[in-house]
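Engineer: Chains as they are written, first to last, in my numbering: chain B, 103 to 295; chain R, 2 to 473; chain Z, 51 to 293.
FYI, nobody ran anything at the bench for these hints, they're computed from the structure.
If you're wondering where the values come from, they're calculated on a predicted model, not measured in any experiment.
Treat each hint with caution, since some may be false.
With a straight-line Cα cutoff of 35 Å, these simulated DSBU-like cross-link-like pairs (lysine-lysine) come out [what the hints assert, rightly or not]:
1. R:Lys471 to Z:Lys204
2. B:Lys186 to B:Lys256
3. Z:Lys204 to R:Lys104
4. R:Lys471 to Z:Lys281
With the Cβ distance kept under 10 Å, some of the chain Z side facing chain R (calculated, not the full set) [unchecked claim]:
5. Val57
6. Ala63
7. Leu64
8. Gly69
9. Cys77
10. His143
11. Phe231
12. Glu235
Glycine included, each C-beta is placed from N, C-alpha and C at the ideal position.
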Amino acid sequence: MSSREEILNRLRGNVRETYDFPDLGFRKLEFADPVAQYVETTVTTAGARVFEIKPTDDLNEKIREAYPDAKIIASNVPGIKADKNPDTVERAQDLEDVDVGVIKGEVACAENGCVWIPQTMKEKAVCFASETLVILVSKQNIVSNMHEAYERIKFNDYGFGTFISGPSKTADIEQSLVYGAQAARGVTIFLTE
Amino acid sequence: MSTKHSIAAEKFNQDSGRVTRHDQTFWSVRSKRDGLAYQLEEWEQLRESANLIKKHTITHLADYLEQFETNARKNGVHVHWAKDADEYNDIVMQIMREHNVKKVVKSKSMLTEECHLNDNLIRHGIDVVETDLGERILQLMEIPPSHIVMPAIHVTREEVAACFREKGIIEKHGAHAAEGLLKEGEDWRTSSDPTYLTRAARYHLRDNFMEADCGMTGGNFGIAETGDIVVCTNEGNADMSTSIPKLHIVSIGLEKIIPNYKAMGVFQRLLARHGTGQATTVYTSHFRKPRPGAEMHIILVDNGRSSILGNIEHWQTLKCMRCGACMNTCPVYRRSGGYSYTYFIPGPIGVNLGMLKDKDANYHNCSACSLCMSCDNVCPVKVDLSTQIYKWRQELDSMGHADPMKKMMSAGMQTLFEHPSLYTTALKFAPLANHVPAFMTNIKANAWCYGHTMPEFAKESFHTLWKKGKVK
Amino acid sequence: MKIGLFVPCYVDALYPEVGVAAYKLLCSLGLDVEYPEKQTCCGQPMGNAGFQNKAEKLVENYDELFRGYDYVVAPSASCASYVRFFHEGIVKHECEAAKRTMDLVEFLHDVVKPTSLKARFPHKVSLHNSCHGVRELGLSSPSERNVPRFNKIKDLLQLVEGITVMEPERPDECCGFGGMFSVEEPAVSTRMGKDKLRRHIATGAEYITGPDSSCLMHLQGIARKNGEPIKFIHVAQILAAGL
Ligand code: SF4
Numbered sequence: 103m104s105s106r107e108e109i110l111n112r113l114r115g116n117v118r119e120t121y122d123f124p125d126l127g128f129r130k131l132e133f134a135d136p137v138a139q140y141v142e143t144t145v146t147t148a149g150a151r152v153f154e155i156k157p158t159d160d161l162n163e164k165i166r167e168a169y170p171d172a173k174i175i176a177s178n179v180p181g182i183k184a185d186k187n188p189d190t191v192e193r194a195q196d197l198e199d200v201d202v203g204v205i206k207g208e209v210a211c212a213e214n215g216c217v218w219i220p221q222t223m224k225e226k227a228v229c230f231a232s233e234t235l236v237i238l239v240s241k242q243n244i245v246s247n248m249h250e251a252y253e254r255i256k257f258n259d260y261g262f263g264t265f266i267s268g269p270s271k272t273a274d275i276e277q278s279l280v281y282g283a284q285a286a287r288g289v290t291i292f293l294t295e
Numbered sequence: 002m003s004t005k006h007s008i009a010a011e012k013f014n015q016d017s018g019r020v021t022r023h024d025q026t027f028w029s030v031r032s033k034r035d036g037l038a039y040q041l042e043e044w045e046q047l048r049e050s051a052n053l054i055k056k057h058t059i060t061h062l063a064d065y066l067e068q069f070e071t072n073a074r075k076n077g078v079h080v081h082w083a084k085d086a087d088e089y090n091d092i093v094m095q096i097m098r099e100h101n102v103k104k105v106v107k108s109k110s111m112l113t114e115e116c117h118l119n120d121n122l123i124r125h126g127i128d129v130v131e132t133d134l135g136e137r138i139l140q141l142m143e144i145p146p147s148h149i150v151m152p153a154i155h156v157t158r159e160e161v162a163a164c165f166r167e168k169g170i171i172e173k174h175g176a177h178a179a180e181g182l183l184k185e186g187e188d189w190r191t192s193s194d195p196t197y198l199t200r201a202a203r204y205h206l207r208d209n210f211m212e213a214d215c216g217m218t219g220g221n222f223g224i225a226e227t228g229d230i231v232v233c234t235n236e237g238n239a240d241m242s243t244s245i246p247k248l249h250i251v252s253i254g255l256e257k258i259i260p261n262y263k264a265m266g267v268f269q270r271l272l273a274r275h276g277t278g279q280a281t282t283v284y285t286s287h288f289r290k291p292r293p294g295a296e297m298h299i300i301l302v303d304n305g306r307s308s309i310l311g312n313i314e315h316w317q318t319l320k321c322m323r324c325g326a327c328m329n330t331c332p333v334y335r336r337s338g339g340y341s342y343t344y345f346i347p348g349p350i351g352v353n354l355g356m357l358k359d360k361d362a363n364y365h366n367c368s369a370c371s372l373c374m375s376c377d378n379v380c381p382v383k384v385d386l387s388t389q390i391y392k393w394r395q396e397l398d399s400m401g402h403a404d405p406m407k408k409m410m411s412a413g414m415q416t417l418f419e420h421p422s423l424y425t426t427a428l429k430f431a432p433l434a435n436h437v438p439a440f441m442t443n444i445k446a447n448a449w450c451y452g453h454t455m456p457e458f459a460k461e462s463f464h465t466l467w468k469k470g471k472v473k
Numbered sequence: 051m052k053i054g055l056f057v058p059c060y061v062d063a064l065y066p067e068v069g070v071a072a073y074k075l076l077c078s079l080g081l082d083v084e085y086p087e088k089q090t091c092c093g094q095p096m097g098n099a100g101f102q103n104k105a106e107k108l109v110e111n112y113d114e115l116f117r118g119y120d121y122v123v124a125p126s127a128s129c130a131s132y133v134r135f136f137h138e139g140i141v142k143h144e145c146e147a148a149k150r151t152m153d154l155v156e157f158l159h160d161v162v163k164p165t166s167l168k169a170r171f172p173h174k175v176s177l178h179n180s181c182h183g184v185r186e187l188g189l190s191s192p193s194e195r196n197v198p199r200f201n202k203i204k205d206l207l208q209l210v211e212g213i214t215v216m217e218p219e220r221p222d223e224c225c226g227f228g229g230m231f232s233v234e235e236p237a238v239s240t241r242m243g244k245d246k247l248r249r250h251i252a253t254g255a256e257y258i259t260g261p262d263s264s265c266l267m268h269l270q271g272i273a274r275k276n277g278e279p280i281k282f283i284h285v286a287q288i289l290a291a292g293l
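Just chain B, with the same shape it has in the complex (with noise of 0.2 Å):
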């Protein structure tokens, strides 16, 4: 018997009593103004910044003034003025010294400052080893609570996704706070419309 079969096996004989998917039915966390919310988390307690773009904003004059010092932006968003491209770059490790990484979020979550993104770009290593992100999120897509995002994510072929919530952190030293562990050091959310 091959142990997959010994395993469905045991398992199959040592159950007793079984039990029922429960109703999730109860009331969830709601907010009357979700999007604020979303920003009240995002730059409190997910240490993220946000910048509100209007429709009439050139993108990257903002991404210019979100980080001036930046050297190497990477992108596959369509209009990002970008030096590299995570579609075309031919290895992740291409990919180690950007400043700014520019990708798009597709659900945000006010509850905790989570945002879906999906993965679209043929080098995922764009959303991590970045030093710093720009995530693009349209207000239209925020929701109050996990529940709600959950119902809402979808993946596409590339069959990976992530929520992030901000930059990289870590408190294993001594348990201070300390942002930028092993991925993005910084998080900047452009809110659009």
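Take the given structure of chain B and dock chains R and Z with the ligand to it, following the hints.
Structural biologist: Chains R and Z with the ligand in isolation, oriented as in the chain B frame:
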């Protein structure tokens, strides 16, 4: 006969300042958790839902595992089954050999700890680098974790700095890491500033991410309906580990499978709030398919779990999602430290998991509980932790591990309490002796007097007063 | 209403005044109270030590002795709780007496529901919320949970004239007694007790009070060893003050 836990705990308590720091560190996490709990109206409903979802999943686990496997395969992921630690290690080695792996970057996984993966990799000449900062510190210092979520919190910044110096990390990355960070006059060669040390580690680990040919992660959840593996971190190290190398190996215990996204919503909201007192981890990553041009393997590990399901008293330990909250709240853990326990997972859940793993080695931890039941009320999935510890204690005698002193005292009490007349006589003489009452005759006076004065016996017990008609 | 008074072994031997206070208090509220003399212990010391099987006979005796009462009332939260939640599991059958056993505070608050008391106690006390009172009997809302805040002990104490009731920081953290735990893990138990004591003292209270003499005995032993002058008193004694 003192348990190993009590002996180690006494040593730990010789440094009172250390106990204070340890206690405060974890109490502050518990307090942050409470703060979030009070803010969320549906808190108790979330906990109860999590409890029921886990009960449901665990009692339908074979079906969900098959569903998970089918979906993962459809996604182009290789799925392996390991019945125990040996088979698990063999599978890992086989995958690594096929890919000619020389260096692995690894994100934190208690399962790999349980299976002693690192030792095995090293034995086979593979360079393994832990990428969670805490785990990396421990790996460099060659010491085990003292907590499952904050594994190196007991190490001081000075110790970290000394270790980084010794391992050449400061020499290689210190100057770069110090740029714009250290105060005027502060020397990067000797600094133990946590921000600076974290940055030095960042550069050190960056080199490793770039060079590795394999990334290994654990999995906080596996979603049956979609085949997703979900990994939650704050540092982003699991994502770094899997974004660069072309091979991703996931190691996951069977019990981490959950049915669907509805369940995921519940657990995502509970995990970080309980574990670290944050509303979310920074990253909640869903791995469904391998990266373009890469390979992804999932190893489903049993290693005793399917047998635990058959254990009437203890099957609910399978609900555990390793959030660490029961350790943070445990007044005994906070005052005895992770190393006082004989099992690598400390605290209430560790006492139970240790017993399930190896009773003879781990019965020593059963004394580490005052039965205060705080853990039961903290746990996001309502594992009946203290009830289980109480039940283990009932079994110790038949295992031959009962403390003879406790046994003798209990037998003495039995005789006394079963015979009211004997009990009354004993009570009468107690105040005369006025140091140890008959029914406590065998109490180790030393143990009680360690921290207490002896209680004084009343001149007349309630019984006597009643008999004499003095109770009015 | 016929009440059986259960005065657990250590209260009997060490703190008879607590039993006396409970008796007086119950009588003063017009209840018919009896004290069956053949009572001994609830069995908890053996159970927590891992020998609940040695308590089987005792449990049967308890059931027999107290079965005929409408309520069994004990001035000791953890004993009442042990009887109610463990006795049936030990003898593996239903126990009438166990079902109707209540802690004194619980009984007064939930059954008798007095709106005033004759007691006067012009002192500042720090309330010790003992674990089994909080997390088994529900005498107060556990700090771990998001449930409406309440405290039955405090509610009752507020009926006493002149009293000021304080609660320590970490109001329901364990004091470290735990029965045999205190002799098996003396270092941790003592440390927990010291921490608890310090937080009680920090409230500025003259007395530490609680529904459980076992916790108070532990804290008192530590206080005396360390020369702390703070006084200890059981809730029953305050509620019966002046009777
Ligand atoms: S038993 Fe509960 S509280 Fe403890 S680690 Fe597991 S899930 Fe967390």
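Engineer: What are the numbers of the hints that this structure violates, sorted from low to high?
Structural biologist: Structure breaks hints 3, 10.
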